[in-house]
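Colleague: If you want the building blocks of each chain, they are given just below.
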Amino acid sequence: MNNKLDSNLIFDKSRTGRRAYAQAPSNLATAAIPASMLRTDKPRLPETSELQTVRHFTRLSQMNFSIDTQFYPLGSCTMKYNPRACNALALLPEFAGRHPLAPSSHGQGFLTCMYDLQEMLKDVTGMKGVSLTPMAGAQGELAGVAMIKAYHDARGDHERTEIICPDAAHGTNPATATMCGCTVVEIPTGAEGDIDFDALQQAVGPKTAGIMLTNPSTLGVFERRIKEVADVVHNAGGLLYYDGANLNAILGKVRPGDMGFDVIHMNLHKTFSTPHGGGGPGSGAVGVNDRLLPFMPIPVVGKSEREGADFYDWLAEDDLPQSIGRLSGFMGNSGVLLRAYVYMRMLGRAGMERVAEFATLNANYLAVRLREAGFELAFPTRRASHEFIVTLKQEAKTLNLTAMDIAKALLDKNYHAPTTYFPLLVPECLLIEPTETESKETLDNFVAAMLEIATAAKNGTEFKDAPYTMPVRRLDDVKAARQLDLAYRHEET
Amino acid sequence: MTELPGDLLYTEEHEWLRREEDGSVTIGITDHAQSALGDLVYVELPEVGIDVDQAGEMAVVESVKAASDVYAPIGGNIVAVNEALADDPEKINTEPYDDGWIVRIQPSDGIDEGSLMSPDAYQEFIDALDD
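Chains W and P, in that order, are what the protein sequence lines are. Oh and the first sequence: position 156 is 156 in our numbering, straight run, nothing missing. Each number in our numbering corresponds to the 1-based position in the second sequence with 1000 added.
By construction, these hints were calculated from the structure, which means they are not laboratory data. Backbone N, C-alpha and C fix where the C-beta goes; we use that ideal spot for every residue, glycine too. Incorrect hints may appear among the rest.
Simulated pairs of lysine-lysine, DSBU-like, Cα-Cα distance not exceeding 30 Å [claimed, not checked]: (1) P:1065 with W:303; (2) W:227 with W:207; (3) W:479 with W:440; (4) W:42 with P:1065; (5) P:1065 with W:13; (6) P:1065 with W:227; (7) W:303 with W:128.
Residues of chain P clear of chain W, computed beta-carbon distances all greater than 12 Å [stated by the list, open to error]: (8) 1021; (9) 1036; (10) 1037; (11) 1038; (12) 1063; (13) 1065; (14) 1067; (15) 1068; (16) 1069; (17) 1081; (18) 1089; (19) 1090; (20) 1121.
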C-alpha cells in the first residue's frame, strides 16, 4: 500500500499542453465579466491527461479512511452512515439549481422543506423556535452564547459575564464563551461522571450569564441531576446552553427543552446524518425557548397566508429587530439542510426513537464486550449513553501500550481509531462511539481486533511504530503542528 | 517514576518553584506534567513586567494532545520569561527543571509555603492520582 504515495503531487505530473477533457469545465461564460476584470495570465494549474487525473484522485480517495469503507468509532463525532437517498433528493435539479436571491414565490418548495425542518427540530428538542442559519457546530455555539448575552443585555443585566463550563466540556465551549466576551468558570466532575453539584452551587451568582452543558456528557454518561442543575442556574438568573454534540443518544426519548435548557445547538451533520468531516459543510442549527425567540440569528423561515394558501418567506431584520444578526451570506448550507430534512422525513417520529435505542444498545454492547475482554472502563458503574470511555492507564504502565499505540495499531486492522486523549480528565483514554448504523458482526470484529492488539502487546510486541501498512507511517505530531506545509511551491523558472 | 529535584517546591497544579538568590522565584511544570501532556508544540508566555494574581492564568502550554493553562502559584511581578521556549517548546519535555523553566516572578507577599508541597508530598500526591 505504501506505493500509493508514488509521485503523489499532481503538480509533479503536470506537462505543458496536457488536457483532461472530461474534468475540464465547458462553456465558461465570460461574456458578463467586464474585460478589465478578466485575468491576463493563466492560473498555474496542473496540466494532466484525463487518465492521469482519474488515477490521481481515485488513488487519493483510496488512501482515505471513510465511513463508506471502514468502521469509524470516533467518539463524540457520531460517524454514522449517511443514507444515499438524502443525497439523491437534495441534488434534485429543482433544489440544486435554485438561486438564493430568487424571490420567495419562486422557491416555495425549498422554503416549505426548511419551514418543516425547523418545526421537526423544535418538536424533537422541545424548543420554541429554530434558526437554521449557523454553518457549523462551533457557529451554532457562538450564536447560542451570543443570544444569552443579548438576552441579559436587553434586560440591562450587563454584569452577567460569567459562563460556567464543566471540566469535561468540549474545548469549543470555553472558546465560544471567550469569543463572546465572557469569562469562563470551570467546575469539576465527580467520580461517577456527573458534574460536582456543590461546586456548581458555589460557582453561580449575580455574574452568572449561563452554563454550557453537554448531556449526555463527553464522558458518555447522562447528567442525572439535570433538573436540579437547571433550577440552580435559573434561580441565580443564568440561562442553560445545551451542546447538541451528543443528541444522538436521546433523540426522540428525552428533550433538552423539557430538561430546562434555554438554548441548544444541533449538529445536523452528526445526529441528522448529513456528511461531515474534513472541514466540509456542516450545520449547527440553534433552538431556543420563549425567552430567546427575539434574538435568533436571521434569516428564519416564516409561514403566513397569501391568497388563501400557505406562503413561506424569509423573516429578517424587520421581523426580528433584536436578532443577533446574520451568520452566513444566505441561510446556512442549504444542501446540508435538505439532506437533514429528507433523513428526518424518512425516519419519522418512531424512527428517531430507534436511532437513540440502537445507538445506546450498540455502545453498551461494545462496552460490555470490551470489559469482558479485559479492558478497563473509565466509568464502570454507569450505563453508557451512545459512547463510552476505555482507559489504558494500566496497559500504558505495565505493557508500555498507550492509547495512541492502540489507535495506530487499529489502523493496521482496518479500523478508524476512536477519539484519543479526550476528555482530558481520563488518562490514556479512548472515547468510543459505534453509532446505531453498525451491525453486531462489525462490533464483534472490532472487539477481536482490540483483543489481538492487547494480546500481542502482552507477548512482547511493540506498537510504537504502528501503523505499518498505511500510506504513511507514524506521523511526527510535533512537526505536523509546528511546520505544517500544505501549499505547493512552484520551482521558479 | 518521575524525576523530582529535592530543592524545589511543588503545587497541586503540577508546577515547581525554585527560590533564587535575588528573592525571585523561577517556575516551571513538573516532569509528571510534561509526561501527561505529551510533546509540546507551543508555549504562550506572559509579558515581562506585568503583575499576576495567585492562581491566575499566566501561561498556556499546548501539546499534541491538549492545551492547558499554567496558573501562577504565587502572586507577584513577572521579571523574566523563558523566550527560548517560543522556538523550542520541547525544552519543557526534555529538561522540565532546567532549560524548560517558564517564568520568573518577584513575589509581592513572600511565599506561602503552607500551600506548596515538598518533593515527598508531591510524590505522594501524584501516586494517589494514578490509583
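Colleague: Now tell me, hint by hint, if it's right for this structure.
Modeller: Verification of the supplied hints:
no., hint, verdict
1, P:1065 with W:303, "47 Å, violated"
2, W:227 with W:207, "21 Å, holds"
3, W:479 with W:440, "39 Å, violated"
4, W:42 with P:1065, "43 Å, violated"
5, P:1065 with W:13, "36 Å, violated"
6, P:1065 with W:227, "34 Å, violated"
7, W:303 with W:128, "15 Å, holds"
8, 1021, "35 Å, holds"
9, 1036, "7 Å, violated"
10, 1037, "10 Å, violated"
11, 1038, "8 Å, violated"
12, 1063, "9 Å, violated"
13, 1065, "4 Å, violated"
14, 1067, "8 Å, violated"
15, 1068, "8 Å, violated"
16, 1069, "9 Å, violated"
17, 1081, "19 Å, holds"
18, 1089, "8 Å, violated"
19, 1090, "7 Å, violated"
20, 1121, "21 Å, holds"
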